[in-house]
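Enquirer: Chain by chain, the residues:
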Amino acid sequence: MTMIYEPDFGTPASAKLAQVSLEIDGRPILVAAATSIMRAALEAGIEIPKLCSTDSLKAFGSCRLCIIEVDARNGTPSSCTTPVAEGMKVTTRSEKIDRIRKGVMELYLSDHPAKCATGDECELHGVAKKLGIETSRYAGGDTHLDLAKDESNPYFTFDSTECIVCNRCVRACDEVQGTFALTIENRGFKARVSSSGTSFIESECVSCGACVQACPTGALTEKSLLTIGAPTSSIITTCAYCGVGCSFKAEMRGEELVRMVPLKSGGANEGHSCVKGRFAYGYATHSDRITKPLIRNTISDDWREVSWAEAIAFAADGLKKIQKENGVNAIGGITSSRCTNEEVFVVQKMVRAAFRNNNVDTCARVCHSPTGYGLGQTFGTSAGTQDFESVEHSDVIMLIGANPTSAHPVFASRMKQAIRKGAVLIVIDPRVIALVRTPGVVAAHHLQLMPGTNVAVINALAHVIATDGLIKREFVEARCDEASFKEWERFIKLPQNSPEAMEQSSRVPAAQIRAAAHLFANAKNGSIYYGLGVTEHSQGSTMVMGIANLAMATGNIGRKGVGVNPLRGQNNVQGSCDMGSFPHELSGYRHISNPQTRAIFNDAWGIELQAEPGMRIPNMFDAAIAGEYRGLYVQGEDIAQSDPNISHVHAALRAMDMVIVQDLFLNETSKFAHVFLPGTSFLEKDGTFTNAERRINRVRPVMKSKTGKSEYEVTCDLATAMGYPMAYENGAAIMAEIAATTPTFAGVSFAKLDELGSIQWPCNEAHPEGTPTMHVDEFVRGEGRFMRTEYVPTDEKATRQYPLLLTTGRVLSQYNVGAQTRRTANNIWHTEDILDIHESDALLRGITEGSWVKLASRVGETVLKAHISDEVPAGVVYTTFHFPESGANVITTEFSDWATNCPEYKVTAVEISPTHKAPGDLIHSHIGDDPQLDSIVRMANQIAVNIPAGDAAEIQTAHHIVQFWTPAMIDRLLTDVSKSDLSPIVLKALDILLVRN
Amino acid sequence: MRVYVPIDSAAVSIGADEVAREIARIDPAVEIVRNGSRGALWLETLVEVQTPSGRIAYGPVMPNDVGSLFEADFLSGGPHRLSLGATDGIEWLASQDRITFARVGIIDPLSLDDYREHGGLVGLKRALTLSAQEIIDELSDSGLRGRGGAGFPAGIKWRTVLQTPAVQKYICCNADEGDSGTFADRMLMEGDPFTLIEGMTIAGITVGATLGIVYIRSEYPAAITTMQKAIDIARASNLLGESVLGTTHSFNISIRIGAGSYVCGEETAMLESIEGKRGVVRAKPPLPAVEGLFGQPTVINNVLTLATVPMILAQGSQAYKERGVGRSLGTQVFQLAGNIARGGIVEKAFGVTLEDLVNTYGGGSLSARAVRAVQVGGPLGAYFSTAQFGVSMDYESLIAAGGMLGHGGIVVFDESVDLAVQAKFAMEFCAIESCGKCTPCRIGSTRGAETIDLIIRGVEVDENKRLLLDLCEVMSEGSLCAMGGLTPLPVKSAMINFPSDFTGAAK
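Chains as they are written, first to last, in this note's numbering: chain A, 1 to 997; chain B, 1 to 507.
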């Protein structure tokens, strides 16, 4: 294995199409206009020494090593800052040029250590060697060689003695990351790089690593490089944190990972990274890792370390026994959005083929399932429409319910770059997120709505666009379904949807809505980006459809700079959904009821698939408490911490007889498990992740599996032990099966991925190299369909008892339930979850900064530390959910999206009060007698009131229930529910269902 | 009864305020006009009295002279030992070619009426009748070049900005006058601010800029105050505003104050500073005329350049280019300073000799010792010996002589000067004032000072002189801007013109 070397052309590529011909050192050269002479020369293989330039940053012209001579021009300009011109004749070497370059190098060497800590990493010594100069004639003068190191950052060192003040770090922080944490202090000889007058750790630095990446010397160096030593090989792989899906070079020294270096040719990140992907990989080798299978008879027993064979047999026996006693549908599985497409595909296959039911769901249920439903209904497929690069072509960006600087930092940097270049930002969020106002970025509008009122705001925006004549009729007429548009236009123009009417509930001033609507509708290219602040609501699916309506009405679909872009929370949310993890659909979003689709799999797998949907995660919990569902295979998701209304989840888990957890660590869920199957970290996997832009990236094993097995191998072993033999030679073989059974993946193979680097699906005969922008000529479903989006307030309302609304989110340094990041040095930034409270709410309750507060909802109580913050409006409190002891999900309720059951994490009515209790005292709620029946009633009524149907609500309600409910649940609805609990529409729907049955 | 007592900072620094107060105390009926300085600084405080036969001058007047002036009936032009006769008759002034400084010292700086009476606004009014192209043709034809030091033809710069399409363009006036021995920008802003406003306004209407910014160094508090008052008056009088002199042109001016950095006088560092950033030099291209302030096309001119524009528009290019030599047309506002008997402003047509300036106008050294060296063009200018006094003071001749005109500052040293120490000072100045961006300037200046120090101390003199010359080449050829690029000029000129100071022998 060798080191992967990415050439550095010194300055960014020119975007110009026109070509310019010139001569460099007598060689004729043709390059894009506005290319720097340096880049033109380097691309042609003509070497020019450089230190201050690197092709991720704009030319700066400070080191003066790259000087050249140009015929008929005076002096020796720097080649990095001088653009090519037609007919220009450039000389890159002459006696004079060499003399000046050596003279400059002599100056550098006079204030630089003779030997650098990083050895060959130091470009200064490399250039000096090439110039044939090793010492300086300047002796005994003033230097900076006695400056102290800044070791405050856990991951990198700043050693000012090696700093050559090239500004690459400062520029990277400004231009690439957009944080502006670094600067140059003082001037002249005293000029030094500074983290703005304080230590790195106390500064604004977000540890993205861009400065370390940019530094040409050992001044900014990964500590791991200094302790482990120089890497000897590198492998390209994909980060396993958020849905941006950054490509990295894993640089190895033997079996040891020295560092993760962002890949310049990475389609998603183009050489950038964040603190998690760049540095927080230590969990993969953390001593908490379990590497041997564990089993136990009951959850009160101690774990027993056993062989793989014993563990698999134990698990299979348990599951088979349950199926024998309670039927085939009494078990199921949950796939993980953190695992590879291949691992996910194999788990859902195991459930469908070996468990012989459709009880498979994915943790994407609790984050982006409404995206799947909403975009499926309107556009015809469940995916973002753009690539990330598209944002650079946007004129107006609408950001809804997402906090990219914390949750999708690398994309946030790209967005910030676009904004600094002139794009205008509209933020729709209850909180003052960083992008509302941060260095270089000021949002044009911040529509600070109350949690739970997204649909009110999107309807109001659309109302203004419709009533003020701002609809792009030519787009709608050419591309969208006419009847649905007419119905939508009639609906959205109703006075009830006006900003003035919606102001009462959303609390967004009508004038602000009107201004924002005009801004967005008049943009040449308007794009919408959204996150879990959209989906995790009881109207999550309605909101996604509202977003899609807005994009269609303003003609913002099908080209660069526009589109609807869900920012996926986890690395493989997109992929786990693509892979057929939902109980109602097979890979590529094809409904299980479709006989042609089932036939493909029946033939390929030699089985007979059930035609009806299986259980969703919350259905599984309800059925478990009801005693009908007793065995669960959980792949890499900590449902006992991350799912809402945890008391309910815990009760369900306790009720089961065989809970199998496949994970890296003994997580919260494993406390309820009978079998623990050790999993592999992303550094051991061989497969693919699909990011938020539908980009399929390769995940390559950089080290041997710590468990001795691949994760999919373990799944296959269990399936085999269940009586359905499954085996794959490698990840590529699984992808071959995915491609063979999934039209949107037909053209995908590991070989092609290795060749192209990455592929955005659909990838098939029509798009052999993938599809960066979707719906270009027509929508996947043919015509775009407008959907009626009635605003139905959530039942989770602020009351006299619970007068505040709790909403939740993430911080930059931690990730979801923290299983990974809590096992890294990232804890230095965020050691506990904090409750943000507006000053007025705190004052009213005698709560002071840093004091303990009791946080109570109708389902539970926990204790958190208070932070008085102006980032939340009065009436709203906010916390993160990274630490299990915080118990944020003890508070969250059973309410969920009407269409998909995505939990309503973002709205919980709460009360807070001062307390002296230490945290850890979680008070759980009482579980009802028949939670399944309660859920069925709630869900049915919710569908009926939310379904976008107009007059035909009962038909649509019945249809929806058939599409997404298990037959057992429909039976209970028809037979067990008290009719008085059901709304009139549901009662009418029951008649339709009865006929059908 | 009208008496003129300059309000110029130079006059105030030696008691002009006290003189004015004393006059007012003795005779409250006297109308005291606080004019700018005539520029004859050795005569300050120069008190003038308006008489039927013109203005009669007395100077230099100290506060305790005022009583005797009254006794001598100076209000009627009575004789006194400080009497200089009619101001117009003072040869030092009368022999100059006052164009840019035509009104300075004559008018009340903040009287727009005074300004109009003395030919103000004629240029702007004419410009308003011309097309942008015609204005630029007039300017180009006049031969006016940048007076900040670079000497770039003003017309070409304006044309580039005019031809670069943009939604917003700017006019930036560089008033960060940091060269040692220079004070012309300050005296003009304190003495005739409307000229600068008029010049900037002409620039604005020509290239299509609606905002002008005057970047004034913080060390010029009086100039800042006067400029601000003048801008306020201009705005109230419709000279500035949405409708310049009632036309459809809009132009406003705003002042930005420097923060004590020499390099912020470099045009791109000045732009960074105005944008609120560290004053660091930008690489060119792009030229500020194409991508300047906030990335928009920007005219950047020195105070003197812009202040000369109204006259060129008013009297025509021909009247201006009649003066001067070769490609250096018109006049230069020279500033005599240092160890000189008669310091001040000497505005003369290009082509006057250094001899004329230092000896005829300057009267030799103040210390009465022989003049040994003259630094022309500020801290980055060359040191000339008296053997070179015949040099014609114009852009090309000075370059040919190994120097440069710069901003027209002339600093005189007598025979006590040690040019090796001056050379070291040049490097030290650069080390302190360098923005720290490019390597030759950032590290080279410190190494230069250290190396010259070794030469002064007699350490390996020949090797170190070679090293110093190598360094000078690296700095002049390798630096990003003129700061590092020109620092070798005083060093090398000192070494060449005063070799005896670089032998390492103790003096």
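Because the hints were derived from the structure by calculation, they are not lab data.
Keep in mind that a hint or two might mislead.
[To be verified] Here are some of the chain A residues that sit facing chain B, going by a computed Cβ distance under 7 Å: (1) Gly-61; (2) Ser-62; (3) Cys-63; (4) Arg-73; (5) Asn-74; (6) Leu-109; (7) Asp-111; (8) Pro-113; (9) Asp-142; (10) His-144; (11) Leu-147; (12) Arg-187.
We put the beta carbon where it would ideally sit given N, CA and C, even for glycine.
Enquirer: Each hint needs a verdict: does it hold in this structure or not?
Expert: Structure-based check of all given hints:
no. : hint    : result
1   : Gly-61  : holds (3 Å)
2   : Ser-62  : holds (5 Å)
3   : Cys-63  : holds (6 Å)
4   : Arg-73  : violated (12 Å)
5   : Asn-74  : violated (10 Å)
6   : Leu-109 : violated (10 Å)
7   : Asp-111 : holds (6 Å)
8   : Pro-113 : violated (15 Å)
9   : Asp-142 : holds (6 Å)
10  : His-144 : violated (10 Å)
11  : Leu-147 : violated (15 Å)
12  : Arg-187 : holds (5 Å)
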